[in-house]
Amino acid sequence: MLFNSFSYLVFFPLIVLLYYVVPSKFRWVLLLISSYFFYMCWSPILILLILFSSLVNFSLSKFIYRDRKNSKLYLYLALIINFSLLFIFKYLNFSSEVFINLFNIDNEPFSIILPMGISFYTFQATGYTVDVYRGKLKPESNFFKFSLFITYFPQLVAGPIERAENLLHKLYSNKKFDIYNIEMGLKYMIYGYFKKIVIADRISVIVDNVYNSPTSFSGLSLIIATVLFAFQIYCDFSGYTDIARGSSKMLGIDLIENFKQPYFSKNIQEFWSRWHISLSTWFRDYLYFPLGGSRVSTSRTYLNRMIVFLTSGIWHGANFTFIIWGMLHGVFQTIGGITKNIRFSILDKIHLKNSILHKFISNIITFSLVCFAWIFFRANSISDAFYIVNHSFDDFNLFFDKQYIFMTLTSIHNNLYELLISFGLIGLLLLFDFFAKDEDIHIKLLSANTVIRFSFYYIVTLLVLIAGVYYGQGEFIYFQF
Amino acid sequence: MKKNLNFLLKLTLMGILLTPPLIYTTNLYNYADSQNKTNWYNQKRFEDFYALEPNTLDIAFLGSSHSYCTFDPFIFNDILNVSSFQFGMPLQHIDMSYYTLLEILNYQKPKVVVLEIYFDMLDDDYVNEPVNDLISVIQNEEIIELINNEVRPLNEQVKQNINFIKNQSSFLSYKNKELMTTLEDNGYTQEEIEVEGEEFYKGYGYISADYSMPLSEYDETNQFKNYDGKNFEISKVQKDYIYKISELAEENDIQLIFVTAPLANVSMDYIQNYDYIHNTINEIAQDLDVPYIDYNLIDVGLENENFRDDAHLNDSGANIVSTDLAYKIKNNTNFKGDF
Chain A
1138 MLFNSFSYLV FFPLIVLLYY VVPSKFRWVL LLISSYFFYM CWSPILILLI LFSSLVNFSL
1198 SKFIYRDRKN SKLYLYLALI INFSLLFIFK YLNFSSEVFI NLFNIDNEPF SIILPMGISF
1258 YTFQATGYTV DVYRGKLKPE SNFFKFSLFI TYFPQLVAGP IERAENLLHK LYSNKKFDIY
1318 NIEMGLKYMI YGYFKKIVIA DRISVIVDNV YNSPTSFSGL SLIIATVLFA FQIYCDFSGY
1378 TDIARGSSKM LGIDLIENFK QPYFSKNIQE FWSRWHISLS TWFRDYLYFP LGGSRVSTSR
1438 TYLNRMIVFL TSGIWHGANF TFIIWGMLHG VFQTIGGITK NIRFSILDKI HLKNSILHKF
1498 ISNIITFSLV CFAWIFFRAN SISDAFYIVN HSFDDFNLFF DKQYIFMTLT SIHNNLYELL
1558 ISFGLIGLLL LFDFFAKDED IHIKLLSANT VIRFSFYYIV TLLVLIAGVY YGQGEFIYFQ
1618 F
Chain B
7 MKKNLNFLLK LTLMGILLTP PLIYTTNLYN YADSQNKTNW YNQKRFEDFY ALEPNTLDIA
67 FLGSSHSYCT FDPFIFNDIL NVSSFQFGMP LQHIDMSYYT LLEILNYQKP KVVVLEIYFD
127 MLDDDYVNEP VNDLISVIQN EEIIELINNE VRPLNEQVKQ NINFIKNQSS FLSYKNKELM
187 TTLEDNGYTQ EEIEVEGEEF YKGYGYISAD YSMPLSEYDE TNQFKNYDGK NFEISKVQKD
247 YIYKISELAE ENDIQLIFVT APLANVSMDY IQNYDYIHNT INEIAQDLDV PYIDYNLIDV
307 GLENENFRDD AHLNDSGANI VSTDLAYKIK NNTNFKGDF
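First to last, the sequence lines map onto chains A and B.
For the first sequence, the working numbering begins at 1138 and goes up steadily by one.
For the second sequence, the working numbering begins at 7 and goes up steadily by one.
Extracted from the complex, chain A is given alone in its bound form (with noise of 0.2 Å):
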């Protein structure tokens, strides 16, 4: 079931009105039956998996607490199945072909299904089974509650990953019915319809339409497109983290913030506190402070910033693309970090250090080295990559005339009118998020005047309405990971 389908639309209202109608102790059990419900309407087969998935690290953690002097046998127990699991159904496949292709054998590859979702439970019933480990959580004593918390249908497909301590309690305490969840719950919704139907679903055909395709397109078609999306993927993946927290939080249960405005950044580093928030503190917490983090020698730390990134772009899929993605933004870090002192030295030299130019250029160049990775991410193979990268200045003396504009626009998407509509969508969605800064625009609009307020939901609700893509709407980008 999709956030941005029918049947959502119908099914959550419904289970927002039963959830406040049932007795408070039975709640959870009502959001438990409509999580499996949730997650059954794409594969009711694939609930097993999730099932086992909780079973093994609700028992693991059980005897990680009673037993402590076996306590890491279970932990590596648990780790061996979790990421077993994430192998078998994420990169048996991949591994496979490569596997063949590098052999020469006269086999098919394998061809196993990937379950929605599965790199995000993994990873939120890891993090459970690790915080027992390290005695920073007693483990839960109900398997059904537990259940619920890798479950919890808002964020079960795409996150944010939770953590236990911060959920596993909410889902399950007594809550009582207050307005203002429902009003706040209904913004982020509203809001995340907006970033997901109204700007990605419109920027997705254009930017499939050159990607499909890349060697058919001119060099500013292939900047254009990787530019949009940029937007696609950052409209697409938030506005689901909103549509999910807004869910959420109407049920009176807040998940964590996963986006602050990252093409606001203004180095890779910061863009990394601000994008994918739930994702990349689980790296640091579980991946790289384990590794050492910083608090080893220089060479070290970019060493393991290199392992988390390459990590990273692993877990996001079984493609060359998606690691060559990782490997980029670990290098950018590693040589925004060798080369900080220099640049920092040279600024202050000039007297430009900290100045708005200094903060509108790096936040150029962030924007540009993000988008420059995000092709590998989008291409759909290496080759394709490297076309892109390789042509996308072609014809740079033309960039600047009017008819090869105009020819390049009406090439990668049949409907001018509907691409200038995009770019001013993009452009309003840019102002929102500098309005917000680095705060969540709904929290920042509650202090705004009554006029501003009023007016920024009811443009955004009319926006929703009149221009949202109805027809042929796609899946969340992050749904296949």
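Each hint should be verified, as a subset may be incorrect.
As the list claims (entries may be wrong) - Taking lysine-lysine and the BS3-like style, the derived pairs with C-alpha atoms no more than 27 Å apart in a straight line are:
1) A:K1581 with B:K208
2) B:K208 with B:K9
3) B:K9 with A:K1313
Said to hold, decoys possible - Reference listing, derived: stretches of chain B covered by chain A, where coverage requires no fewer than 3 residues with Cβ under 8 Å from a Cβ of chain A:
4) 25-31
5) 173-184
These are computed hints drawn from the structure, not numbers from a lab.
C-beta atoms are modelled at their ideal positions from N, C-alpha and C, and glycine is treated no differently.
Using the hints, position chain B against chain A.
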């Protein structure tokens, strides 16, 4: 309590203030929709069909653009001395072929139905355009109702009743036409692929084209460039409709033939796993005991020059394939009907 009332008040105010722009937008979108013409070929095809004498039709061709670019009724009429008609429409999926056949059977009793099966359309559960296209040209209200109820998923049915959703794409097309006219008046020119020749409605539903595939489609813009057929699958919906068509043909004593129209040779080079596609369709045909002719696997002497683009035949190609199929029908004594 006060907080609750306050929220309800804000929600009501929002609803009231949203109403005028929604009404305005609905009118705007409706107007744009009224300015967009129904596909002229589709309209003409069905006008000609309704003008046929009842129960005079022998062969009906169903399918997508691949059908109306491949099977020329004039050739079939000539070789078999029959009356045939081309009902193919752009993007016509199997479900719409079924409802087209239902409408045909209200007026005609064809002896043979040639169902063109294009693999690239078999994976869709539902596509809006072909449904709207068929509804805009058929006269039978019962079938229209049937399509709306049986084919459109519930959410699509809801959308069809909300004009600012239903007509949004018409508005965008209408405004784009306006914008392009203004820009072209100001000297901007679009890159046009030059082809020598023309496309026109020849009659009996057939659309003739005497130009050849532009060179750019050999490689640069070939639509199959990134398609190897490895992940080909048939939607259950479309598969069920193949069975329903077979059932309908059986009930009406019609000889059903499945045909896959040829793709350009250069396109076939990209589809490395075509055998898998063919075998999947062939399994269905065997299960239904329906003859299946796949022109991508039969050498009838087609060259790239016999195609109007990377996937559709031009007149010369249609001539070759139509002649071949007509003789296959003529020579096959197992087929029902007396030719």
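Tell me if the straight-line CA distance from K9 of chain B to K1313 of chain A falls inside 27 Å.
This hinted pair holds, its Cα atoms lying about 14 Å apart.
Hint check: K1581 of chain A vs K208 of chain B, CA-CA at most 27 Å. Holds or violated?
With a Cα-Cα distance of about 65 Å, the restraint between K1581 of chain A and K208 of chain B is violated, given a limit of 27 Å.
Three residues or more, CB to CB closer than 8 Å: is that satisfied between the region 173-184 of chain B and chain A?
holds (count 7)
Would you say the region 25-31 of chain B counts as covered by chain A, given the rule of at least 3 residues with C-beta under 8 Å?
holds (count 3)
Take the C-alpha atoms of K208 of chain B and K9 of chain B, compute the straight-line distance between them, and say whether it is at most 27 Å.
Since the Cα atoms of K208 of chain B and K9 of chain B sit roughly 70 Å apart, the hinted pair is violated (cutoff 27 Å).
Violated hints, listed in ascending order, are 1 and 2; each of the other numbered hints is respected by the structure.
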